[in-house]
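Protein chains in written order, with this note's numbering: chain S, 8 to 365; chain F, 639 to 783; chain B, 32 to 473.
Among the hints, erroneous ones may be present.
Said to hold, decoys possible - Calculated cross-link-like contacts (lysine-lysine; reagent style DSS-like; alpha-carbon spacing at most 25 Å):
hint, chain 1, residue 1, chain 2, residue 2
1, F, Lys647, F, Lys772
2, B, Lys388, S, Lys148
3, S, Lys257, F, Lys647
4, S, Lys69, B, Lys224
5, S, Lys223, B, Lys308
6, B, Lys224, F, Lys772
7, B, Lys60, B, Lys388
8, B, Lys326, S, Lys147
9, B, Lys326, B, Lys60
10, B, Lys308, S, Lys69
11, S, Lys257, S, Lys148
12, S, Lys310, S, Lys257
13, B, Lys326, S, Lys148
14, S, Lys147, B, Lys308
Hints are computed from structural coordinates only; laboratory data are not their basis.
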Amino acid sequence: MKDQHLSPRNLIVLFIVFGMVIAVLETFVNQTSDGTLLLTLTFWTMLVQGAVSLAAVGETAKGLWLIPIKRELLCLYPLLLFMALLYLLMGMRMDIYPWTAHPNAWLNARFFIVRNFVVMMLAFWVAHLLARSVMRGDPKKNTYAVLYILLFVTSQSLVAFDWIMSLEYPWISTLFGGHFFIQSFLMGLLFSAVVIFFRTRVGVTGLTETLRDTGKMMFGFSFMWGGFLFAQYLTIWYGNIPEEVSFILKRVDPAPYWGLSRLALALIFAIPFLALLSRKLKTMPAGMLFVVLSSVVGLFIEKIILITPVVPVNPVVVGIEFFAMIVLVTLVFRTRDSFMPQLVTDPGGVGSVRAPSG
Amino acid sequence: MERYEFDDKHGFVEKLEKLVDSGVQKQRINTYTPYLVHEAEELLDASQSGVRAFTGAGAVTGLATGFAFTIYTVLSWPLITGGKPLISLPAFLVIGYELTILFGCLTALVGFFALTRMPVIVNMFSAKEEFSQKFIIEVGDEVRR
Amino acid sequence: MDRVDDVVEHKKNDYHQAVEHDVLSAMKKPGIVYYVALLITGSCFALGMGLWLYQILVGMGVSGLNNPVGWGVYITNFVFWVGIAHSGTLISAVLYLFRARFRSSINRAAEAMTVFAVMTAGLFPLIHLGRSWFFFWLFPYPNERLLWVNFRSPLMWDVFAVGTYFTVSSVFFYVGMIPDFAIAKRFHNGARKWVYSFLSLGWKGTFQQWKHYGKLYMFLAAFATPLVVSVHSVVSWDFAMSILPGWHTTIFAPYFVAGAIFSGTAMVITLVVPMRKIFGLERHITIDHFESLAKIILVTSIIVGYSYLVEFCLAMYSGNVFEADAFINRAVGPYRLWYWMMVSCNAIIPLTLFVRKWRRSLAFLYVLSIFVNIGMWLERFVIIVTSLSKDFDPYSWGLYKPSLVEAGITLGSFGFFLTLFLLFAKFLPVVAISELKEVADE
Chain S
8 MKDQHLSPRN LIVLFIVFGM VIAVLETFVN QTSDGTLLLT LTFWTMLVQG
58 AVSLAAVGET AKGLWLIPIK RELLCLYPLL LFMALLYLLM GMRMDIYPWT
108 AHPNAWLNAR FFIVRNFVVM MLAFWVAHLL ARSVMRGDPK KNTYAVLYIL
158 LFVTSQSLVA FDWIMSLEYP WISTLFGGHF FIQSFLMGLL FSAVVIFFRT
208 RVGVTGLTET LRDTGKMMFG FSFMWGGFLF AQYLTIWYGN IPEEVSFILK
258 RVDPAPYWGL SRLALALIFA IPFLALLSRK LKTMPAGMLF VVLSSVVGLF
308 IEKIILITPV VPVNPVVVGI EFFAMIVLVT LVFRTRDSFM PQLVTDPGGV
358 GSVRAPSG
Chain F
639 MERYEFDDKH GFVEKLEKLV DSGVQKQRIN TYTPYLVHEA EELLDASQSG
689 VRAFTGAGAV TGLATGFAFT IYTVLSWPLI TGGKPLISLP AFLVIGYELT
739 ILFGCLTALV GFFALTRMPV IVNMFSAKEE FSQKFIIEVG DEVRR
Chain B
32 MDRVDDVVEH KKNDYHQAVE HDVLSAMKKP GIVYYVALLI TGSCFALGMG
82 LWLYQILVGM GVSGLNNPVG WGVYITNFVF WVGIAHSGTL ISAVLYLFRA
132 RFRSSINRAA EAMTVFAVMT AGLFPLIHLG RSWFFFWLFP YPNERLLWVN
182 FRSPLMWDVF AVGTYFTVSS VFFYVGMIPD FAIAKRFHNG ARKWVYSFLS
232 LGWKGTFQQW KHYGKLYMFL AAFATPLVVS VHSVVSWDFA MSILPGWHTT
282 IFAPYFVAGA IFSGTAMVIT LVVPMRKIFG LERHITIDHF ESLAKIILVT
332 SIIVGYSYLV EFCLAMYSGN VFEADAFINR AVGPYRLWYW MMVSCNAIIP
382 LTLFVRKWRR SLAFLYVLSI FVNIGMWLER FVIIVTSLSK DFDPYSWGLY
432 KPSLVEAGIT LGSFGFFLTL FLLFAKFLPV VAISELKEVA DE
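With these hints in hand, go ahead and build the complete structure from the sequences.
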């Protein structure tokens, strides 16, 4: 690629260009399907925040297995800024929330936008400090990592409670926040499996152990995802309170959702569970890519199930926006050398030695 | 029968490598170690332990038992409680889950005893060849069990 | 007569010898401190048993339980002790899977704690039954009219969860000790040698034995991990399956699991600090190990704090008056003192562990661990009692005060648990000798 060296200023320009594209799409093309932007935001925030949080958790827990891909995970952090800016577009979509008719102290459009934007910007800023201190081997990196994890949990909880749950105000599930940040963390793991796949393709060696550990963690977190889902389902099913149950019934019973909900469960939980039981598969980058694909598609469908019963999405616009995000993530990832200098002091940086980026 | 004793792991592993390289039949070599030496496992017998098969079989049986048992009992005397359907799969999953783990663990233990032929009453009380901090290699005339 | 001292004379500098010596010395003839401790814990236990007998003879009226608060201190104790058990499994199984080396020095004590805590917990449903002699009605068999137990009842799930947990953690505890029994048998004579010989099952450390043993241990750890998560989830569902405000909430399962690990880890510190001192195990259980435990406490404390916050805020958010009132009642109602003690002990004081210096101070950690134990006991009390005392209909509201009998039986449960732990410290190898050797050689 020709733009191997993208300066931070060019990065900002790039963000503005992509942001404008999506803004134009949302304002002029997509005027009826209000849920599109929310879907894009929810899905991609999950990926970007999750990838950085995995690096942060690895940093605090002294996870040795993560070191070879730490830089690749951290390098997505500029996108946190992009997601925060993109989020501001939600300002014109506030009428999708039922509570806007009767705002209260917590649920009112202005505070809604401000609190989420502030938390996302803080997360970006701390992630920036974290990335810089990790690259320099600064001992302060632990503090930043802990701070980032706290902001990550807060931000993903707000994504769950504000962005998604309040679509169905006053329905509540207290585990919804936990469900979202576990999911986001899982997404980070899926991303790291993809990173390992591409790194191995360009000839980087010594990643088998990291891949196996990633596989184990994916197994654990997809199991945990299933557990969190079950804990919510069981409680609501058993209590059988009409205002609670309707949320679930709407999403597992009528026509497209009957199949979609079961498909999502299979893709996120059953298939990865059975596939990752195999020891061998966890050492094969291509095999792992299959599991990743299954989980990512599943997580996408899960978002569709959560959003579309309330607000419609426009498939074409979703396609364009997701394509734009894929391009953006790829661009940022491939030009990481320009804003993330090589790990200097990390002794275990096996995978990050002068291999060609890509 | 040849016998080598070592006080530390390094000498033990080196000797073992030499023996295997010199073409001694792997099944004739037995070792006594104070803890699990992974290098020895790789050198002598890297095959999958049979405990795995026992565990898997137990776990699947446990899950099946959990569901079969609960469904059988509600059908054998159909009694609605708490406004729940007779066959309440979410509730029965909890029982199935616990039994998966219970059966899996117990069969793993049984498998371990079967494969190592433990407990051996004679070994329990014999003074000979006690478990110690020594690393020992024995090259026997017969094939190891 | 013990041969421990003779052995040490020969090779004092060899680490393998030293581990064996230090750990097995703990099994020598105990000193006066030990007997005094045993006397105290034993008396507490006897008192508890006596009071239970009194309750059986006189009736449940001797406890403070009545309508509307039918669940009180006994159920609090049940949840508390099951929770204590959890960190044992966490330390021995989860940390094993994550290959965290620091576990080797404390996993034995933690596993013992698990088994004993589950035993203690198991007593409380029986005590709470009132007609304790009918406990076998909980077993899954058809009664004389061929009606089976109700598998849709969370209480039945409890039987399966706690039963499985007790079985599996006992197996795990025992399997881990097999090689150490084989060592212990070398160091003893007479009857104890016979017992250890029998328990060692003829372990010799042959190639075959170790190969399958490694696999067995791995599988047990792999099963214990999802098990431990399910057990406290099931316990939390005893509450969450109802529709009582303050109980019926989806976050309960992970929140209870985190709380269980939180309180259990604190209990490990409470028990291991004196054990290490009395038996002179400073060389094998170091400050670094305690710091790692402190970090577990910190993380789980944050999760518990997060849950408090989310529960409270979402109750306000929902606009449901019953839900909102249940939480306001906790904070400013008749049980507010206990509520605020719980919040400070569980969610505020442990945050001091962000300071590295305090994480590494044994005295500080010890005091903190006691606060956490108190806080977590109160948490269960607050959850159970406040919600029951004030439900939907003002006509049925009422307060609950534990009676002296309940307090005595609670004390008895601590006596039971500590007595078992003291006996463990004297009769079984308190540190995993074989594992320590392996870790030392790496």
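How the hints compare with the structure:
Annotation: proposed proximity of Lys647 (chain F) to Lys772 (chain F) holds, straight-line Cα distance about 9 Å (limit 25 Å). With a C-alpha separation of about 18 Å, the suggested pair Lys388 (chain B) and Lys148 (chain S) falls inside the 25 Å cut-off, and the hint holds. Our distance criterion of 25 Å between C-alpha atoms is broken by Lys257 (chain S) and Lys647 (chain F), whose separation comes to about 63 Å. Taken as a hint, the Lys69 (chain S) and Lys224 (chain B) pair is broken in the structure, with Cα atoms around 43 Å apart against an allowance of 25 Å.
Note on Lys223 (chain S) and Lys308 (chain B): the hinted pairing is violated, with a Cα-Cα distance of about 38 Å set against a maximum of 25 Å. This hinted pair checks out: Lys224 (chain B) and Lys772 (chain F) have alpha carbons roughly 21 Å apart, not beyond 25 Å. About 37 Å separates the Cα atoms of Lys60 (chain B) and Lys388 (chain B), which puts this hinted pair outside 25 Å; it is violated. Restraint check for Lys326 (chain B) and Lys147 (chain S): satisfied, since their Cα atoms lie roughly 18 Å apart, inside the 25 Å limit.
Our distance criterion of 25 Å between C-alpha atoms is broken by Lys326 (chain B) and Lys60 (chain B), whose separation comes to about 36 Å. Taking the CA atoms of Lys308 (chain B) and Lys69 (chain S), the gap is near 29 Å; set against the 25 Å cutoff, the hint is violated. This hinted pair does not check out: Lys257 (chain S) and Lys148 (chain S) have alpha carbons roughly 45 Å apart, beyond 25 Å. For the suggested pair Lys310 (chain S) and Lys257 (chain S), the alpha carbons sit about 14 Å apart, so the restraint of at most 25 Å is met.
Distance hint between Lys326 (chain B) and Lys148 (chain S) is fulfilled; the C-alpha atoms sit about 17 Å from each other, no more than 25 Å. About 35 Å separates the Cα atoms of Lys147 (chain S) and Lys308 (chain B), which puts this hinted pair outside 25 Å; it is violated.
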